[in-house]
Amino acid sequence: MKKYNKFTFYRRKATNVVMLSLSLISALVTIIPLVLIFYYTISKGIAYLNINFFTKLPTPVGEPGGGMVNAIVGTLILIGIGGAIGIPVGILSGTYLSEFGKNKFGATVRFLTDVLSGVPSIVVGVVAYTLVVIPMKHFSALAGGVALAILMIPTITRTTEEMIKLVPHSYREAGLALGIPKWKTSILIVLKTAWKGIATGILLGLARAAGETAPLLFTALDNRFWSTNVFQPIASLTVYIYQYASSPYKDWNDQAWTAALVLILLISVFSLIFRIITRSKYKT
Amino acid sequence: MKDSESFEKIQEYFKKNKEKKNSTFLYKILGNNNPGDIIFERLTLFFAVLVFILVLFMGWEMYSHSVLAIRKFGWGYLTSTTWNPYSEVFGALPMIFGTLASSFIGLLISIPLGISVAVFLAELAPGWLEKPLSFLTELLAGIPSVIYGLWGIFVLVPWLRNVVEPFLQNEFPNSPFFQGAPYGFGMLAAGIILSIMVLPIISSISRDVLKSVPNTQREAAYALGATKWEVTKIVLSNARSGLLGAIILGFGRAVGETMAVTMVIGNRPEISASILNPATTMASTIANEFTEATSNLYLSALIELALILFVITIIINIFAHLLVWGVEHRMKK
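In order, the protein sequences belong to chains B and R. The first sequence: position 253 = 252 (numbering that gives the first Met the number 0), numbered continuously. The second sequence: position 96 = 95 (numbering that gives the first Met the number 0), numbered continuously.
Hints should not be assumed to be uniformly reliable.
Chain R stretches covered by chain B per the calculated footprint, using a threshold of three residues with CB under 8 Å from any CB of chain B [as the list claims (entries may be wrong)]:
(1) 235–249
(2) 308–314
So the derived list for chain R, only partly shown, Cβ under 8 Å to chain B, looks like this [to be verified]:
(3) 75
(4) 118
(5) 290
By construction, these hints were calculated from the structure, which means they are not laboratory data. Note that the structure is predicted; figures quoted are calculated from it, not measured. Think of the CB as a built atom: it goes at the ideal place given N, C-alpha and C, for glycine as much as any other residue.
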């Protein structure tokens, strides 16, 4: 048996300190890119952040001024379509999983939603292309919305399921004891109690969808003009960021930063509004 | 159902399942005694089936639209290095190579960082520090990938071109990994961007895995006189399969990442040992060329790329989830 000595003791102490400090340093290093990205987005984006950006259409290269009002509205329309399809599908399938899904089929669906959440967004874009763009023979906001809906579904389904599971069982028993049918108990008591959590899931899904670019590149395409027609191509902030950033014009590059800043603001505003709504609803 | 009947059933149930605490037993034994119940169940079932069909349908849809390319090139599609839209010869090896290589570089940076961040969050950080730090890393995961790309083009790429790449070439003039002109755009830039994007996934899943290791393990080690780091080593080795799962999920994210990579990798379908050279990935090829695909064969070759990506990510996810589930299941026991 090895004899314990002072040297071993100090070596162990030293290793301990070194490794734990490395761990602390790595946690600090992780924050660096976050700070850098926010710093550049805000400092570079603020230059074009004025009323024109929110009220005017984009101008051709070289012409100063102009904004991205069509892209802001376009992004809202796209996530609106995505939400209109994705939210009901997500909530109802999540309800099924938690209320009736304790069988093999439920386990399979649960597993498939996990798989779906891992599928790259560009692949979802390709599916939306074959599903909507090919039959319609042209790009459209609808195709983009379908792609975003597919991307939202797994998030909303799984959050709904998890949140419903958190509702204490005594709540259901109370409902049943009052003679309320099961389905009414599910909707009026269980879903209502879990609503705050479900809304967080929806918000997460919408926020993710608002930041998606890849599935929109060849479904919603883009549009230099004002358009709210869901059967026509539509502009979106993310696709504009991509195009403006890749363009050789300095003017456009600068506007890409502003678009990025607006996108981040949009996502933050979304989460703020949702939080306020859900808070007040939960209290009453 | 009559009340007395339900009462008997409930009593029976309790006799049978004394030890079981099934939280939904009332639902099961009371049966569907209201037409609304049946409608409600069918309705939710319909949407669950919809999700089920959706995933299978996605695979089939991509297969049926890429059948043209699959018939023409067969398995050679996976091994050929020629990608030429003009002569309509398509081989996906440069894209597959680029995808794997860029993900590999990304993981090389993010695995050690991510796991040590997880160690910090799960084992070391006091409560007041853990929450904001976890929030910040999750914020990193919430930034849209196109903004990473934007940052990559205007901040990361110039820095690589002017500082890092000349430095690497000076220090290692003979290394095959650092040949060619330092464009900035290339494999290295893609790898670094990927490492930033994958980091929050690896660190947050690893943190959860580490937290699920029971405290008795730590207490036992402390009781034997172990230092904090030695305890952490024991915890890490207990959680190793879950950590592997976290890494694989991070890999899955890196493989499918599109915008940020497309914007910084340079998009050249060539295989090169040098990480300074432009390359391309499956996802970025689809993003770049999809709207330019004029012929049916070109389009179906691109859709086949998406199909390959789909299959790869499914396999990765199945594998990772089995690992993560395995650990959490074992720990609960």
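Cross-check of the supplied hints:
Check result for the region 235–249 of chain R against chain B: violated, 1 residues qualifying (beta carbon to beta carbon below 8 Å, three or more required). Interface restraint, the region 308–314 of chain R with chain B: holds (4 residues with C-beta to C-beta distance below 8 Å; minimum three). With a cut of 8 Å, the hint placing residue 75/R at the interface with chain B is violated, because the nearest CB-to-CB distance is about 22 Å. Proximity of residue 118/R to chain B holds as hinted, the smallest CB-CB distance being about 5 Å (cut-off 8 Å).
Taking 8 Å as the C-beta cut-off, the interface hint given for residue 290/R holds, the closest approach to chain B being about 5 Å.
The structure shown violates the earlier hints numbered 1, 3.
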